[in-house]
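Student: Chains A and B, in that order, are what the protein sequence lines are.
UniProt numbering puts the first residue of the first sequence at 1, with every later residue one more than the last.
UniProt numbering puts the first residue of the second sequence at 1, with every later residue one more than the last.
Among the clues, some could well be false.
Covered by chain A, according to a simulated footprint, are these stretches of chain B (three or more residues, beta-carbon under 8 Å) [as the list claims (entries may be wrong)]:
1) 168-176
2) 264-271
Each computed DSBU-like pair below joins lysine-lysine, with the alpha-carbon atoms no more than 30 Å apart [what the hints assert, rightly or not]:
3) B/Lys428 x B/Lys403
4) B/Lys218 x B/Lys231
5) B/Lys206 x A/Lys281
6) B/Lys403 x B/Lys206
7) A/Lys281 x B/Lys403
8) B/Lys231 x B/Lys206
9) B/Lys170 x A/Lys335
10) B/Lys318 x B/Lys206
11) B/Lys231 x A/Lys335
12) A/Lys335 x A/Lys7
13) B/Lys235 x B/Lys283
14) B/Lys218 x B/Lys283
No lab work stands behind these hints: they were computed from the structure.
Since the structure is predicted, the reported quantities are computational estimates derived from the model, not experimental observations.
Ideal Cβ positions, reconstructed from N, Cα and C, are used throughout, including at glycine.
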Amino acid sequence: MAPPPPKNLVLAASSADAGVAAWDLRTGAEDIRLRPCASRPRALASVGDRFLAAAQAPPPGGNSGTIHFYHWDKPQVAVKSFPAEPIHVLIADPEGTYLIGGGGKGNIYLWEVASGELLYTWHAHYRTVRCLALYDYLLVSGSEDGSIRVWDLITMLDEQSRLEVNTSYLYSFSQHALPVTDIACFLGGIVVSSSEDRTCKVLALDPRSHIFYAGGRDGKIYVTAMGVDVSSHSSDDSSILGALDDHSKAVTSLAASSDGLLLVSGSEDGPVTNVLIVTPKRINLPPLQSLRKVCSAHGEAEVRAVILPRPENDVPVAGNSSSIFLERCLDVLQKHGGSSRPFESGLSTLYSAPNQGAEWRSRYLELQDLFVHEVFDQMPSRGA
Amino acid sequence: MAGAGGFLADLNDPWLKPRLLKALVAERLPQPGGSELPPAEVASILNAVRTHGLLSESLPGHPPDPKLADAWRAAVNAWVERLGALVESDSGYCRWLGTCFLGITFQECCNERFAESYSTWFERILSNLQGPSSLQLVTAISCTSMSDLFVRKQYNLLFDQIGKVVNLKKEASSFAGRVVEPVLLLINENASVVDEAIDLLMTVIKLYPSSVNRHYSKVESSIAGMVLSTKVNGKSSEKFARALASLPSVRVSEDSWSLMIRKILIAINSLLDDAFIGLEEEKKGHEIMMLLVPPGTDRPPTLGHQLRSGGNVHAMKKFRQCTVPTISALIHCCGVMLTSYYPVQVNVPVRALIALIRRVLLVNGSMHKKMFPSTTSLHQELICFELPSVHSTFLDLLIATIKGMRSHLLPHAASIIRLMSEYFKVAKLPTVRTKVYSIAQLLLISLGVGTSLHLLEAVVSNSIADLNDGSENDMTMSSTHPSKVTTESASKSYSKKRKHDPQMQNSVYSASEKTTMSPRKKKGPSTPNASKEIASESIADGRMLTPLSVRIAALETLEILLNVGGSFRTDHWRSEVDLLLINVARSAFVIGGGCEQRSSKVGEPSISDLQLASLKALLASYLSSPHARPSYLAQGMGLLRKGNYVDMSTNFFTFVCSGKLEIGTKLAEFCSHALLALDVLTHPRALSLERAAPSGPGLNYGAAEAAVFGAGRYKLSSSGDLPQAMEVEDMYDDWLASKDDEPIEAQLNGDAVGINTAAMGSNHDRQLTPIPEDPKIDPPKITDADRDVQASSKSDAKMVDAATGETVPLNMMDNPSSSDAVSTPVYTSNSDPQNHVISSSPEQKPTYGISHLENKSLAVDASLSKLATSNENSAAPGVASSTHEAPRGSTTFAELFGSDSGVESDSEDSMPEIQDGDPDSD
C-alpha cells in the first residue's frame, strides 16, 4: 500500500492506552493506528517525518520510562527504549537528528537518533520538565516550578564550552508563578509561554505583528494578537481577538497545518493529549537504534556521526563528451595549420606542446638539485 | 509537396534532412584511406549534423510518410556504414575521424537504431581500445565515445519497457565489465590518455557499479597509485580523486565507505607526519592515528599499496612536487565522499577528521621548540611557501564536512567554532581569509542562532578590521580611535565656520555629504600628516589594501550573521555593526563613482560586487533591527534609491562598453527588491501612534502623525488646549523614562559614535538653516566649498568630485523631509496662521522656531544633551543660545526625524529632483 507522497496525517494520542490514531487531513479517512501508546501531553514527536517517537506515561507506581518508536506503515512498536527515568516531554529537531526528552526530576536528555547515543544529560530544573521547544539549536524548557530556561545546545554538547560559561543556561525567566504548560518559539526569537497562572507571556523582545492561538483549560481556543503591549497581557483580555468555543473540556494540544489554513486541536473531552500533523516520508531508513540509558564514557570510542543518504546530492554523469573532445581537437588542429602532424607523432604534441618548456625546466631543476645535494653531501665529509 | 527530388517546401521541410545527410556522406565525408579534411570542414560537418538533427529520424505527421522514412533510414544507414569503414581503416586519421563521428552518432541517433546497433558499435570501439593502436588520439577518442555509448545506453534503459530491462541491463553490465580491464591497462601504462580513460572508468562505476565489483581491488590500487604518484597534473588528479571517491558505491555498504575514508585519512596523516617534522608537537600524528584506528582494531590496509615515488629525489623537491599535490588530491577525494550521495547511512570518523584539520590549520610555520637535526631553515621556508595552499585545501575539507554532516555536526560545532576563531588570527592571505569567512557563513546557516552567539565576537571584530580600512569618507570610524576628540573639534569648527554662510544647500555641491565627509577628509589622505596621525598604527597601511574579495566575504558574513542572529545580544555589537555597514555602503558608492570606468579583470570581483554586498548587508541590518526604527535608515534608503538610479544611468554606458551589464542589473534588481522589503518599515501604516510619537521628540505633539493621519487636524485646531499638550508632554517623559528606544539614541549620540553625531549635527544644521534662502549670500558659499575642494590633494579632489556627483541625490532627498520638519513643529506649536513667513525671513524665524521648539521640549533636550558627549554647549540656556543652540536642537530632532519618519514623506516627489540635480547624469 503506497499512498501518494503529499499526504498529511493528523495524529492523535491519548493518555488512556488507546494508541495513536491517524487520519488523513484532507479526506478525514482513518489511516493507520499505532498501538500501544499512552502518552502525556507533549510527549509525541515526529522524528524528521521519518518515524514517530512517543514517550509513554508510566503505569501507576512505575518508576521507569519507556519510549516507543513507530514506523508509518507498521501498526506495532518498532523499537522500545528505556531511559533512566520517565520522560514527560519529548521533541525532535526539524531534521530528525536529535531527540530531546524532559524527565520527571527536572533532567533533560539529548539523544542522537541515528546511533541511539545519549549525548548529554543535565539537571535543568528543580521540578518536572513540562515543556520543551527548539529555536534553531537553542532549547527552551519550561518546568513545573514556573521557570523557563534557554539552553544553547552547542555549549551543552561541548565539555570545554561548558566549563567556560558561568551558568549553563543562556537565559532564565521566572515570571510565571505556577507551572509552565507550554512554550512556542517564533522566528526572530520570540517565545510565548503559557502557564497555569492563566497568563501568556511574550519573553523575547521583538514585537512584530503576530497572531497566536492559545488553548485554554476552559475548552476555548483564544486567538491572540501579539505585539500590542507587553505589559497588558496579564492584566486584561484586550489582546484576545476572539475565541473558538468547541471543546467542553480543557484543550491540551494544538497543531497548525503547514499551509496555515487549518488548526487541529485536541482536548480532554476526547480524551486526547496530543495532536500532530505530519507528512510521512518513506526513505531508506537505517535500522532504528534504541536510545541508550547512560552516556558512553568520554573518549572511549569514536562518537558515531553519520551521514544520511541524500539523493539530491547525486551528481549526474556528463554526457556529450565526444563532441567536446572533437571540438577541442579541431581547435588544436587549426592551430597547427591543418597539417596532420598530430597524427604522426601521436597525442603528445596535442597536449604537451605547450608544456614542453615546463618539462625541460623541471628536469633542469631536478638535475640542479641533485648536484647541489651532492656538493653539500661532500662538504662535511671533506671537513671530517 | 517535395519528394526525393525537386524543390523543398521551406526550411522545415522534413525531406531536407535525408537529402542533406546523403549529400554529406557522398561528398564531404572522406573515404577510408582518403585524404584528410581541413579542420574547418570537419567542424562544418559536425555543425550540420547537430543543427539539423540529421540523424534523429524523427518523422513528422501521423502516420509518417513511409517514403520519407525509407529515404532517411537509407541515408543514416549510409552514414553509419561509412563511419564503420572509417573506424576499421588503416589510416590513423580515418579511424580517429570515424570514432569521433560515431560518438556523435550515439548522442544523435534514434532509440531504435541505437538498440539495434549497440553491440556492433561496442565491439568496434572496444577493438580500437584494446588494439595496439599506435595513435593515442584514437585511443583517447575511443574512451570518450565509449563513455558516450554507456551514457546513452543508460538513458535508453530508462525509457524501455519494464520486461526487457532486466536482460538489457545484464547485457550492458557485462559489456561494461569487459571495458574495465583495458581501461585499467591504459591508466597504468599510457600516461597521455589517462584523462579520457579515467572519465570512462568513472562513467562505468557510476552507471554499472556491479560490473566493476570483480575488479574492485585492482581498480582501487591503480587509481590510488595514480593519486599518490605525481604522474598526473592538477586537473586530472582531481578526476582521479573523484573516481576514488566514487569507488565505495561499487560495493554499497556502510563498511566499504568507512574503510575508504579511513584509509585516505591515514594516508594523509602519514604524509603530514613527514612534512611537519619540527613544526609541531611530535605526538599529533599519533593521536590522530589513535582516533582512526582505535586500539584493539585492525589497521586497514594501506591505500593503493602506498607506492612512494620519487624516493631518490631531494626531500624538498619531493615536498613541493609530490606531497602537496597528493595531499590536496586526497583531501578533494574526502570532500567528494562527504558531500555526494551514498545510498546507505554511513559512519564518519568525524573526530579524526576535525583533529586532522585542526592539526594542519594550527601549523603556522613557526618552529617548534624541540628542533630536529633534519629541519633546516630552507625546509621551513619551503613549508611556509606551501602552507597557504595546504591550509586552503583543508579549509575545503572543513567546508565539505559541514555541508555533508549538517545537523549531525552539532556535538562538534563548539570545537570547530573554537578552531575558526583561532584561525582567524592566522588567516591573513585573501584566499584563505575568504574561505574562513565562508566557513563562518556555513556554520551560521546550518546550525542557526546558537552559532551566532559563539561566532559573534570573531566575526564582528574581524569584519570590522577588514572593512574599516580607512576609506576616505566614513561618517566615523573613530569609535575605536583615540583621536576622537580632535576629529570632533575639527567637525565642530567646521560647522561653526559654515554657519556664517548657511546657504550651502542650494549649490550643486552636496552640502550634507561634504560636511559628513569633511572631518574625515581633513584627516584623510588629503593631508598626509593628518592621516598619519589618525592612523598611527602601521596596520592602517596594510588595511588600505584589504582586497575586494575579502571585504565582500566579510560583508556577506555580516549579512548572514544579521539574518540569523541579528536580534541576539544586540547591546554588544549592533550599534557598531550598523554604523560600519552604512559607512561601507557609502564608501562603496563613492569609490564606485570614481572608478566606474576602470575595467576590472574578468573573474575578479568588481566594485559593483562590493556595492551589492554592502547593500545586502545593509538591508539585513535594517530588517533584523531589534528596534522599531533602525538607525541610519534614511541614509540607507538614499543609497538604495541611488543604487537603483545610478545603475539606470550607468547601464546605458556599460551597455555600450558591454560586459558589465549583468552585474549592473543585478545591483538595480537588488535595490528595487530592497526598497520593497523596507516598505514594511517605512510605510505610514507601519507607524503606529505610540511608536511614532516618541521617535521624534523635536516634533511637538506628534505633529507628523497629525499631519499625516488627519487626526492632527483636529488637534491643530484645538492646540490651545493645555491638557492635551500636557498629556503629550507626559508621553515624552514617559518615553524618556521607559521606552527602549531611548538608550539607543543615547548611545548613538554618545560614546560609540561621537563624531557621527557631530557630523550629522552640522549636516542637518546646514540642511535646515538654508531653507530661507538668501541669494546674496549664495556666491561666497560656493567659493567656500570650492576652496575646500581645492585644499585637498589632487586625488582627493577627484574623490570629492565623485562624491558630490554621487551624493547630490542623497542630499536632495534629505532636504524635503527636513524642510518639512522645520515647518511642521512651528506650525503646530505656534498655531500661527502665518507660519509661511518662516521661509521668507532668514535670520530670525528658523532660529526662533527651533528655539521655541527647544523650549517646549526642554526636558527632552536637557536629558538628551546630558547623554550627548559631543555637545559641549548643551548647558547653555535654550532660548538665549539662539545661534549655538539651534543646530543642536535641530540636530537631535532632525536626526531622529531624518532617520525615522523623514523617509516616508519624500518617497515620491524626490525622484525628479534627483535627476535634475545630478551632474553625472549627462
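Student: Confirm or reject each hint.
Tutor: To see whether the hints hold, each was checked on the structure:
1. Using a Cβ-Cβ cut-off of 8 Å, 0 residues of the segment 168-176 of chain B lie near chain A, which falls short of the minimum of three, so the contact claim is violated.
2. With 0 residues carrying a beta carbon less than 8 Å from a beta carbon of chain A, the segment 264-271 of chain B misses the three-residue requirement, and the given coverage is violated.
3. A hinted pair counts as satisfied when its Cα atoms are at most 30 Å apart, and B/Lys428 with B/Lys403 qualifies at roughly 24 Å.
4. As the CA atoms of B/Lys218 and B/Lys231 are separated by approximately 18 Å, the hinted pair is consistent with the 30 Å bound.
5. With a CA separation close to 26 Å, the supplied pair B/Lys206 and A/Lys281 stays within the 30 Å bound.
6. Between B/Lys403 and B/Lys206, the direct Cα distance comes to roughly 22 Å. Compliance with the 30 Å bound is thereby established for this hinted pair.
7. A hinted pair counts as satisfied when its Cα atoms are at most 30 Å apart, and A/Lys281 with B/Lys403 qualifies at roughly 22 Å.
8. A distance of roughly 25 Å separates the Cα atoms of B/Lys231 and B/Lys206; the hinted pair therefore holds under the 30 Å criterion.
9. With a CA separation close to 44 Å, the supplied pair B/Lys170 and A/Lys335 exceeds the 30 Å bound.
10. Of the supplied pair hints, the one linking B/Lys318 and B/Lys206 is violated, its CA atoms being roughly 34 Å apart against a limit of 30 Å.
11. Proximity of B/Lys231 to A/Lys335 is assessed by CA-CA distance (about 27 Å); at most 30 Å being required, the pair is judged to hold.
12. Annotation: proposed proximity of A/Lys335 to A/Lys7 is violated, straight-line Cα distance about 61 Å (limit 30 Å).
13. Between B/Lys235 and B/Lys283, the direct Cα distance comes to roughly 34 Å. Violation of the 30 Å bound is thereby established for this hinted pair.
14. For a cut-off of 30 Å, the pair hint linking B/Lys218 to B/Lys283 is broken: about 34 Å separates their Cα positions.
Consistency with the previously given hints fails for numbers 1, 2, 9, 10, 12, 13, 14, ordered from lowest to highest.
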